[in-house]
Amino acid sequence: MVFRAKAGLSRSVAALSRLSGRGGGTTLPGRLLLRLQPDAIGRLGALLPDGAALISATNGKTTTAKMAASILSPRRALCRNGSGANLPSGVASALLHTDGADLGLFEVDEAALASVAATLSPSAIVLGNLFRDQLDRYGELELVAERWRALASRLSAGSSLVCNADDPLVASIGRVRDDTTWFGIDDPAIGLDAMQHAADSKWCVHCGGRYVYDTITLGHLGDWHCPSCGDARPRLHVAARDLEFDGLRSVSFLLCTPSGDVRVRLPLPGLYNVYNALAAAALAIRLDLADPAGLAAGLERFSAAFGRFERITLGSRESVLLLVKNPAGANEVIRTLAGDPAAKTMLVALNDRIADGRDISWIWDVDFELLARQVDRVVCTGTRAAEIGMRLKYAGVERIDVLPQTEPALDAVAAEGDGPVYLLATYTAMLDLRRLLEQRGLVRPFWEEAAA
Amino acid sequence: MSEIRIGHLYPEHLNIYADRGNIAVLDRRCAWRDIACRVITIGIGDPLPAADLYYLGGGQDRDQLLIADDLARHADTLAAAVSEGAGVLAVCGGFQLLGHSYRGHAGDEMRGIGLVDLVTEAGPSRMIGNIVLECRFDPAAPKRLVGFENHAGRTWLGAGVQPLGQVVHGYGNNGVDGLEGVRADGVIGTYVHGPLLPKNPWLADWLIARALSRGGEHEPLAPLDDALELEAGRVAQAISSR
Numbered sequence: 001m002v003f004r005a006k007a008g009l010s011r012s013v014a015a016l017s018r019l020s021g022r023g024g025g026t027t028l029p030g031r032l033l034l035r036l037q038p039d040a041i042g043r044l045g046a047l048l049p050d051g052a053a054l055i056s057a058t059n060g061k062t063t064t065a066k067m068a069a070s071i072l073s074p075r076r077a078l079c080r081n082g083s084g085a086n087l088p089s090g091v092a093s094a095l096l097h098t099d100g101a102d103l104g105l106f107e108v109d110e111a112a113l114a115s116v117a118a119t120l121s122p123s124a125i126v127l128g129n130l131f132r133d134q135l136d137r138y139g140e141l142e143l144v145a146e147r148w149r150a151l152a153s154r155l156s157a158g159s160s161l162v163c164n165a166d167d168p169l170v171a172s173i174g175r176v177r178d179d180t181t182w183f184g185i186d187d188p189a190i191g192l193d194a195m196q197h198a199a200d201s202k203w204c205v206h207c208g209g210r211y212v213y214d215t216i217t218l219g220h221l222g223d224w225h226c227p228s229c230g231d232a233r234p235r236l237h238v239a240a241r242d243l244e245f246d247g248l249r250s251v252s253f254l255l256c257t258p259s260g261d262v263r264v265r266l267p268l269p270g271l272y273n274v275y276n277a278l279a280a281a282a283l284a285i286r287l288d289l290a291d292p293a294g295l296a297a298g299l300e301r302f303s304a305a306f307g308r309f310e311r312i313t314l315g316s317r318e319s320v321l322l323l324v325k326n327p328a329g330a331n332e333v334i335r336t337l338a339g340d341p342a343a344k345t346m347l348v349a350l351n352d353r354i355a356d357g358r359d360i361s362w363i364w365d366v367d368f369e370l371l372a373r374q375v376d377r378v379v380c381t382g383t384r385a386a387e388i389g390m391r392l393k394y395a396g397v398e399r400i401d402v403l404p405q406t407e408p409a410l411d412a413v414a415a416e417g418d419g420p421v422y423l424l425a426t427y428t429a430m431l432d433l434r435r436l437l438e439q440r441g442l443v444r445p446f447w448e449e450a451a452a
Numbered sequence: 001m002s003e004i005r006i007g008h009l010y011p012e013h014l015n016i017y018a019d020r021g022n023i024a025v026l027d028r029r030c031a032w033r034d035i036a037c038r039v040i041t042i043g044i045g046d047p048l049p050a051a052d053l054y055y056l057g058g059g060q061d062r063d064q065l066l067i068a069d070d071l072a073r074h075a076d077t078l079a080a081a082v083s084e085g086a087g088v089l090a091v092c093g094g095f096q097l098l099g100h101s102y103r104g105h106a107g108d109e110m111r112g113i114g115l116v117d118l119v120t121e122a123g124p125s126r127m128i129g130n131i132v133l134e135c136r137f138d139p140a141a142p143k144r145l146v147g148f149e150n151h152a153g154r155t156w157l158g159a160g161v162q163p164l165g166q167v168v169h170g171y172g173n174n175g176v177d178g179l180e181g182v183r184a185d186g187v188i189g190t191y192v193h194g195p196l197l198p199k200n201p202w203l204a205d206w207l208i209a210r211a212l213s214r215g216g217e218h219e220p221l222a223p224l225d226d227a228l229e230l231e232a233g234r235v236a237q238a239i240s241s242r
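Going down the list, the sequences are from chains A and B. Heads up: the first sequence runs through residues 1 to 452, numbered per my numbering. Heads up: the second sequence runs through residues 1 to 242, numbered per my numbering.
Quick caveat, the hints were computed from the structure, so don't treat them as lab data. It is possible that part of the hints are untrue.
Derived Cβ-Cβ restraints for the label pairs, each shown as a range [claimed, not checked]:
id: 1; chain 1: A; residue 1: Glu369; chain 2: B; residue 2: Arg126; range: 50 to 60 Å
id: 2; chain 1: A; residue 1: Gln439; chain 2: B; residue 2: Ala140; range: 46 to 56 Å
id: 3; chain 1: A; residue 1: Arg373; chain 2: B; residue 2: Ala209; range: 25 to 35 Å
id: 4; chain 1: A; residue 1: Pro408; chain 2: B; residue 2: Pro223; range: 25 to 35 Å
id: 5; chain 1: B; residue 1: Arg126; chain 2: A; residue 2: Glu300; range: 22 to 32 Å
id: 6; chain 1: A; residue 1: Leu192; chain 2: B; residue 2: Val161; range: 22 to 32 Å
id: 7; chain 1: B; residue 1: Ser213; chain 2: A; residue 2: Arg373; range: 45 to 55 Å
Per the computed footprint, the stretches of chain B lying under chain A, defined by three or more beta-carbons under 8 Å from a beta-carbon of chain A, are [what the hints assert, rightly or not]:
id: 8; region: 72-81
id: 9; region: 113-124
id: 10; region: 152-162
id: 11; region: 174-186
id: 12; region: 211-219
Just so it is clear, CB atoms sit at the ideal spot from N, CA and C, and this is done for glycine as well.
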């Protein structure tokens with residue numbers, strides 16, 4: 001079979017997948033295509049006149065990619081894997097529909113980044129952050145870092161890195177190249193008093209000494225240096241200064257770039273979203289596809305990616321769907337929610353399927369204690385419903401219901417009270433919840449959402 | 001008010017599988033019974049304080065190397081404390097460090113403290129998954145212990161050394177002999193995390209009662225409502241046996 005026929009066959013699988021109601025055809029066609037033609041990603045990617053950019057991180061890949069798309073779309077037609085299918089099969093599926101696109105913009109799983117980058121020769125790679133995540137699947141953090149370091153040292157001259165300077169582990173990778181674009185937060189006023197207990201990279205990559213932070217922003221991110229060997233945060237090219245939080249509505253900051261500063265109001269809360277916005281802005285600057293006004297307009301136009309602070313209406317209640325999948329991400333969600341002192345009704349959905357990580361011990365590294373006093377009721381659901389219920393009991397939550405099935409759990413949590421419901425869910429639990437919300441006409445299918 | 005003292009060794013280095021969950025469970029289960037639970041954290045360079053129970057968690061390879069030499073300083077003090085009735089709970093990397101040595105892939109050797117007679121060597125693959133043990137602390141009343149394991153090390157117990165339990169589902173110490181962990185009087189080592197204690201409240205209470213008995217208290221612990229703990233354990237067992 002010639003390549004065009006293989007690609008055509010794979011495309012029709014996508015249409016079939018949608019027709020049969022099995023999903024959006026976001027991975028299956030690519031999986032088939034890669035089976036038929038292992039170098040398909042490289043061959044299809046070569047058809048994009050402006051090449052491709054990749055985004056990887058433990059947390060924030062989907063949101064960063066959506067922000068970058070919002071910035072870049074006025075200037076370039078994009079080919080994206082917007083539905084979060086970020087393994088090679090997902091990238092290949094997206095590439096089957098280049099449809100006259102100029103530039104590929106793909107989020108890529110941390111463990112798959114090296115292989116996708118090797119076949120696609122991207123013009124830029126964003127490395128956002130590295131946190132402890134699904135140890136049973138990815139192995140220790142150092143292993144992922146080693147793979148990224150090897151990738152960085154093999155990159156051709158035509159590829160460049162866009163890195164988070166505030167993450168010392170990511171910085172040690174970005175330093176492999178001397179033309180890396182660095183982004184970070186410069187605002188001593190927002191620092192934490194002490195490092196969160198779940199912080200991952202406390203010890204110097206080079207000498208094993210303890211990092212000292214002038215400002216800790218979140219997890220092990222911040223303005224760091226190592227007193228024993230002198231290593232320090234790289235000088236920032238793209239920075240956020242003077243942050244202002246408006247509860248759970250928005251956050252604004254001064255975006256400082258080499259070609260000027262601009263005030264940005266992000267329509268999303270949370271410090272982690274400032275990092276996502278910086279990553280997206282730094283990428284656009286690296287690609288030379290945005291000026292300060294264009295960056296601000298793109299970021300302010302942006303709306304939440306599915307399940308990432310996605311607002312939904314449950315009955316008459318304004319509610320929010322939040323993906324949580326590892327301690328660093330979950331702790332930032334908890335910190336953001338705790339910033340609003342109102343009493344809260346919550347649904348927490350914990351699954352232990354392969355895409356969630358089979359090992360659920362990470363829930364004990366999440367500071368649910370910060371939120372416990374604000375929670376008047378929690379309904380726990382998912383394959384490990386009792387386990388998350390038990391965790392919340394030890395955190396100090398008093399009213400806990402355990403309903404493993406999604407539908408009774410959603411009905412139970414919506415049945416009482418009139419304030420917002422906060423729905424926290426692991427990856428597959430979030431898809432289960434969203435499927436139910438789609439059936440009830442409360443959200444759009446995630447592959448349509450992604451295309452919007 | 002009665003009190004127990006827990007010496008938490010290297011929490012900044014050995015914390016990879018949510019080890020703080022084990023400490024939180026001991027702390028809460030004491031508080032719910034009006035028992036004071038004092039946790040003393042011990043870092044690199046610190047002296048080893050007196051305690052009723054010492055806790056040693058698991059770390060990344062790099063972190064384990066960073067603390068191994070410091071721990072060796074305490075080998076004699078810890079052995080003396082154990083002979084006077086102190087308990088030790090060591091999980092994953094901490095379990096390996098209780099033994100004589102850990103031999104890496106390249107033949108490199110990290111020494112342990114030799115508190116119990118066991119050795120560990122790196123295996124070709126990681127043993128990852130849900131695990132269920134049967135423990136016979138009281139031979140007349142065997143107990144199930146559930147959790148998750150994720151380790152490359154293969155651990156072998158010396159002759160006559162007792163395991164923590166027999167593997168019902170999962171790999172255990174080495175995937176070969178059907179044994180998991182080690183138990184020598186008050187010293188317990190295991191690969192089971194998840195963390196270990198939340199879903200196994202009987203073991204948490206055994207450790208608390210043992211620590212209290214050092215202060216001369218031999219009354220049984222007041223019972224707690226463990227419905228969520230037991231349900232979480234039941235679900236974990238069902239998932240393990242699939």
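Right, here's what the structure says about each hint:
In this structure the supplied range 50 to 60 Å is violated for glutamate 369/A paired with arginine 126/B, their Cβ-Cβ distance being about 31 Å. A C-beta distance of roughly 53 Å is found between glutamine 439/A and alanine 140/B, which places it inside the suggested range of 46 to 56 Å. Distance hint for arginine 373/A and alanine 209/B: a CB-CB separation of about 31 Å, consistent with the stated range 25 to 35 Å. With their beta carbons about 30 Å apart, proline 408/A and proline 223/B fall inside the hinted range of 25 to 35 Å.
Between arginine 126/B and glutamate 300/A the Cβ separation comes to about 46 Å, which falls outside the hinted range of 22 to 32 Å. Checked against the hint of 22 to 32 Å, the pair leucine 192/A and valine 161/B fails, with Cβ atoms roughly 45 Å apart. In this structure the supplied range 45 to 55 Å is violated for serine 213/B paired with arginine 373/A, their Cβ-Cβ distance being about 35 Å. Given a C-beta distance limit of less than 8 Å, the hint that chain A covers the region 72-81 of chain B is violated, as 0 residues qualify and 3 are needed.
Counting residues of the region 113-124 of chain B whose C-beta sits closer than 8 Å to any C-beta of chain A gives 0, which falls short of three, so the coverage hint is violated. For the region 152-162 of chain B, the stated coverage by chain A is violated: 0 residues have a C-beta nearer than 8 Å to a C-beta of that chain, whereas at least 3 were required. Taking a C-beta to C-beta cut-off of 8 Å, the region 174-186 of chain B contributes 0 residues in contact with chain A, too few for the three needed, and the coverage statement is violated. Here the region 211-219 of chain B counts 0 residues with a CB under 8 Å from a CB of chain A, which misses the bar of 3, and the coverage is violated.
Taken one by one, the earlier hints fail for this structure at numbers 1, 5, 6, 7, 8, 9, 10, 11 and 12, listed in ascending order.
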